[in-house]
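First residue of the sequence shown? That's 1 in UniProt numbering, and the numbers climb one at a time after it.
Simulated from the structure, these hints should not be mistaken for laboratory data.
Given the structure is predicted, the values throughout are model-derived calculations rather than measurements.
Just so you know, not all the hints are guaranteed correct.
Said to hold, decoys possible - Just the calculated beta-carbon pair ranges, DEER-fashion:
{"hint": "1", "residue 1": "221", "residue 2": "119", "range": "18 to 24 Å"}
{"hint": "2", "residue 1": "51", "residue 2": "98", "range": "20 to 26 Å"}
{"hint": "3", "residue 1": "185", "residue 2": "93", "range": "28 to 34 Å"}
{"hint": "4", "residue 1": "69", "residue 2": "47", "range": "30 to 36 Å"}
{"hint": "5", "residue 1": "74", "residue 2": "192", "range": "35 to 41 Å"}
{"hint": "6", "residue 1": "28", "residue 2": "69", "range": "33 to 39 Å"}
Glycine is no exception: its CB is placed at the ideal position from the N, C-alpha and C atoms.
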Amino acid sequence: MVSAGGGGSAGLLMVVSLGLLGCLLSPVAEILIARLLPRLGGLPTPRARITTAAVTGGACVAFVLRFGTPPGLSALILLAVLGVQLARVDIALHLLPNQLVFILLVAGIVLLGAPLIFSQQPDDFVRALFSAVILFAVYLILALISPGGIGMGDVKLAAPVGLYLGYLGWSQLLYGGLLGFIVNGVTTAVFLGGKRRNTAKEVPHGPAMLGALALTALLIQ
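Full structure from sequences and hints, please.
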């Protein structure tokens, strides 16, 4: 949390700076994605770019308000930037690009593991690695049981989602994993209430997973 009192102005400056950083990194990420992954259709519309920048900046602010400036703050900024981009792409194209999921996973491992160089407390990081495997395995089993409900993109995304949830704690892994299905179910029900009945097949699960991760990180201690 941002401290009050004498450090209040410094804390406020940090919050504003990270919010602006998120807003700036969002269009940079979109440009890189458009150049490196042209099959996704190039840059999104100006309205979508403004929205993703605002959401990314807001996520960065929320994370620093919730956690302060922990050693893993850079990993949270990465999560805000790439998580929003993955959600945007999945909503627009019903696709979770392997490259972005892989970057989120590998860079997340590097950034969350980097503090171990200066610390002798690897418990959180080891738990995060186990959690990535656990959630990936759960989604893989569900995809094999019900291929129409869970796609392989969702299975792959489960690994970085599990990594971040597990880094926060076992309870966060449990609640975040369950909340992803709840959020997706509510979203599907809303769409079914106003549109044709096959909309359930058109509701991407990735944004629900990422949204559940963010909500769990921010609300559950």
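Going through the hints against the structure:
Restraint check, residue 221 to residue 119: a C-beta distance of roughly 21 Å satisfies the suggested window 18 to 24 Å. A hinted range of 20 to 26 Å holds for the C-beta pair residue 51 and residue 98, which are about 25 Å apart. As the Cβ distance of residue 185 to residue 93 is approximately 22 Å, the hint placing it in 28 to 34 Å is violated. Range check, residue 69 to residue 47: Cβ separation about 33 Å, and the 30 to 36 Å hint holds.
For residue 74 and residue 192, the hinted distance range of 35 to 41 Å is satisfied, since their beta carbons lie about 40 Å from each other. Checked against the given bound of 33 to 39 Å, the beta carbons of residue 28 and residue 69, roughly 22 Å apart, lie outside it.
Taken one by one, the earlier hints fail for this structure at numbers 3, 6, listed in ascending order.
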